[in-house]
Each structure stands twice: as C-alpha cells, then as structure tokens.
Amino acid sequence: MKPVVFDLGGVVVVWDPVAPIAAAVGPERAERFVHGEEFDFAAWNHAQDAGRSWAEAEASATAAHPHLAEEIAAYRRNFPLSLPELVPGTAEILRALHERGMRLVALTNWSAETFHHAPQRFPEVFAVFTDVVVSGVEGVVKPDPEIFRVLARRLGHPLEGVLFVDDSLANVHAARAAGMDAVHFTGAPALWSELQERALLD
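The sequence shown begins at 11 in my numbering and counts up one residue at a time.
I should point out that these hints are in silico values taken from the structure, not numbers from a laboratory. Small disclaimer: the values here were computed from a predicted structure and weren't measured. Each hint should be verified, as a subset may be incorrect.
[Claimed, not checked] Simulated restraints on C-beta separations:
1) Ala33 / Glu170: 43 to 51 Å
2) Arg159 / Val24: 25 to 33 Å
3) Arg87 / Val147: 19 to 27 Å
4) Gly111 / Ser63: 25 to 33 Å
5) Ala53 / Leu179: 16 to 24 Å
6) Pro94 / Leu179: 41 to 49 Å
7) Pro94 / Val35: 15 to 23 Å
8) Ala209 / Ala73: 48 to 56 Å
Note that the Cβ used here is the ideal one computed from N, Cα and C, for glycine as well.
Use the sequences and the hints to build the structure in full.
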C-alpha cells in the first residue's frame with residue numbers, strides 16, 4: 011500500500027500564534043502583532059519555516075521594530091502555548107489508518123527549532139508517523155516543488171498517486187503538480203469520506 015502524507019498545522023494540530031504572545035503582552039497587543047498591518051507576522055514566521063534561525067529573526071525584527079520587542083521575544087519563548095489541542099477528528103483518522111497497516115508520513119512547514127514541541131505535546135499522535143519532513147530542517151517550504159522532491163527521496167519511491175492532505179490550497183495544487191493525489195482538508199468528516207472513496211477506510 012502507498013503511504014498517506016499529512017500536513018500538520020491546521021490538519022493534525024491546531025496552531026494559534028496569538029496565544030504565546032498574549033501570555034506576555036495581553037490579547038489585544040498579541041492580536042495586533044499577529045494579524046495587524048504594522049508587522050508582517052506571516053512573512054516573518056515563514057522565513058523560520060524556510061530555515062532562518064530564530065536568533066537572526068528576532069534580532070532583525072527587533073532592530074526594525076524596537077517598540078515590538080516584547081511581542082517578538084514572546085512568541086518563541088512561549089511557543090508551546092501555540093499548540094492548544096488537536097484538530098477534531100484527525101487523530102481518529104490517523105489511528106484508523108495506522109491500524110490498517112498504512113504507512114503515515116508528515117510533511118510540514120515548521121521551524122526546525124520549534125518543531126520538537128509538537129511531538130512532546132502530542133506523543134500518542136506523532137507515534138503513528140514513520141517519518142516527518144520538516145521544512146525548517148530541509149531549508150525549503152511548501153509549495154516549493156523542491157520540498158516534494160525531498161519527500162519523494164524520503165519515501166523512497168515516486169510520488170505518483172500518493173495521497174497528500176493539506177489545508178492550504180496552494181500546497182494542494184503544488185502536490186498535484188508533483189503527481190500526488192492531493193486532498194484539500196476542510197475537516198475530519200470530509201476527509202473520512204475522501205478516504206472511504208479511495209477504499210483506505212471503511
């Protein structure tokens with residue numbers, strides 16, 4: 011049987027970047043920092059997912075936005091708070107696939123320096139994965155085609171027909187371009203139906 015590849019954030023694990031910052035500066039400032047227009051949190055965090063060190067990220071951001079120093083420092087320091095719970099229903103799907111003998115692999119955009127918090131927080135879920143490809147370790151992020159070539163090497167065979175699940179449409183399109191059978195994750199019930207259609211679950 012071919013493996014099934016899962017994204018992590020938004021598919022398996024809930025990621026809330028506001029919570030670790032709110033713990034230091036309160037929810038209003040944290041919301042403004044993450045979702046406001048003054049600081050581009052998404053682009054800043056994406057660079058760490060692509061391999062930039064947090065020390066460099068924090069230093070450059072603090073130099074450019076000294077008045078946001080508390081917010082900048084709080085995110086990594088309190089990072090475990092960004093992982094409050096599992097996405098409802100996905101763990102049950104993973105267990106069901108695992109019990110059927112499926113090889114489960116994860117492909118995630120995640121900083122190499124903070125990824126360890128996820129398996130520490132949810133060890134029973136991460137135990138079902140035989141491998142996790144972490145963008146920050148590889149130095150390339152989805153939807154870059156190169157990360158799918160990395161995945162193919164890690165799987166040990168071509169990606170044609172391998173099922174991939176991600177909540178980002180851009181990543182789903184890139185996976186399909188790489189030959190994968192990619193599903194856009196919108197929730198566990200819909201994913202269960204997709205897996206039933208493929209005779210992977212009953």
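Mind listing which of the numbered hints don't hold for this structure, in increasing order? 4, 6
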